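Visitor: Letter by letter, the chains look like this.
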Amino acid sequence: MIYDPSADDRLDRAFMALADPVRRRIIARLSRGPATVNELAEPFEITKQAVSKHIQVLEQAGLVTRTRDAQRRPVHLDAAQLEALTAWIDRYRLIHEQQFRNLDALLTGRGTDAAAPDTEAPNTGAAQEATEP
Amino acid sequence: MTNPVTINAPEGLPFIEIIREFDAPVEAVFRAHREPELVKQWLGPNGYEMDIERWDFTTQGGYRYVHRNPEGEEYRFNGTFHTVRDNEFAVQTFEFEGYPDVVAVESMTFEDLGDGRSRLRGWSTYPSVEARDGMVESGMEIGLREGFERLDAILAA
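Listed in order, the protein sequences are those of chains A and B.
Under our numbering, the first residue of the first sequence carries the number 123, and numbering increases by one thereafter.
Under our numbering, the first residue of the second sequence carries the number 81, and numbering increases by one thereafter.
The set of hints was computed from the structure by calculation and includes no laboratory data.
Any given hint could be a false lead.
[What the hints assert, rightly or not] Not the full set, but computed from the structure, chain A residues with beta-carbon under 10 angstroms of chain B:
| id | residue |
| --- | --- |
| 1 | 215 |
| 2 | 216 |
| 3 | 217 |
| 4 | 221 |
| 5 | 222 |
| 6 | 223 |
| 7 | 224 |
| 8 | 225 |
| 9 | 227 |
| 10 | 228 |
| 11 | 229 |
[Unchecked claim] Here are the simulated distance ranges between beta carbons:
| id | chain 1 | residue 1 | chain 2 | residue 2 | range |
| --- | --- | --- | --- | --- | --- |
| 12 | A | 231 | B | 191 | 19 to 27 angstroms |
| 13 | A | 141 | B | 197 | 27 to 35 angstroms |
| 14 | A | 158 | B | 88 | 42 to 50 angstroms |
| 15 | B | 142 | A | 138 | 45 to 53 angstroms |
| 16 | A | 137 | B | 153 | 30 to 38 angstroms |
Small disclaimer: the values here were computed from a predicted structure and weren't measured.
C-beta atoms are modelled at their ideal positions from N, C-alpha and C, and glycine is treated no differently.
From just these sequences and the hints, can you work out the full model?
Guide: Here is the structure:
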């Protein structure tokens, strides 16, 4: 980077870079290891030039770096930078979101038959009274 | 429809507040906390197996369980249920055995919102800000790994 912008500026650019689905898929691919522009372009319908442009945006946002490796210029994910993007509280939230969605599923009976309690609570008392006059 | 979860964990203070509403009656939400067979189905991160050694969700009761991730790594937790009032309130201690002796005190309030809806309010107090942050950061690692797994899944689709 030529200049050192404030942390807020970097965040702004990183989030803008990630606001595009093609760039998010590039990031996802790079999360499994470095790749060349050719390799990154493979799954897309768009031209290699367009993919190069996307990589430039990610590079300017500080999310990926490019190194020289003989003839190859692989693109690397800057995992530390990506991690700085999502505040720690959000990842903690992710776990709780999932957990509560599981609880939702259970409560609405999508998870298991054992949990359809919204009819169970009022009925048991009445049923017992009815069978034991 | 999904109800959002609100998490309040101010910097420099040793507590975490978690609030979530449910499209289910308060009795059902309480029961999902009381019955170990139901607890097993939702508590903990996705993809983890839960073995419950003890689960006595009553006043002066207690619990101990293990979460096992897909790689087979085990995380054990234990605590006591200090007070449990049906469909209303519970206080428990919470200890991750990987960090022994650091015990959080957690209260849960079950609120009836009418129309078959309810709200769960959790409040965890840790012995120090460092302990609180350590807890959150351990969740962070799991969250990050699962995030990448989902990204992988999206990419593979």
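Visitor: Hint by hint, say whether it matches the structure.
Guide: Verification of the supplied hints:
| no. | hint | result |
| --- | --- | --- |
| 1 | 215 | 5 angstroms, holds |
| 2 | 216 | 4 angstroms, holds |
| 3 | 217 | 5 angstroms, holds |
| 4 | 221 | 6 angstroms, holds |
| 5 | 222 | 5 angstroms, holds |
| 6 | 223 | 7 angstroms, holds |
| 7 | 224 | 4 angstroms, holds |
| 8 | 225 | 4 angstroms, holds |
| 9 | 227 | 8 angstroms, holds |
| 10 | 228 | 5 angstroms, holds |
| 11 | 229 | 4 angstroms, holds |
| 12 | 231/A <-> 191/B: 19 to 27 angstroms | 22 angstroms, holds |
| 13 | 141/A <-> 197/B: 27 to 35 angstroms | 34 angstroms, holds |
| 14 | 158/A <-> 88/B: 42 to 50 angstroms | 45 angstroms, holds |
| 15 | 142/B <-> 138/A: 45 to 53 angstroms | 50 angstroms, holds |
| 16 | 137/A <-> 153/B: 30 to 38 angstroms | 33 angstroms, holds |
Taken one by one, the earlier hints all hold for this structure without exception.
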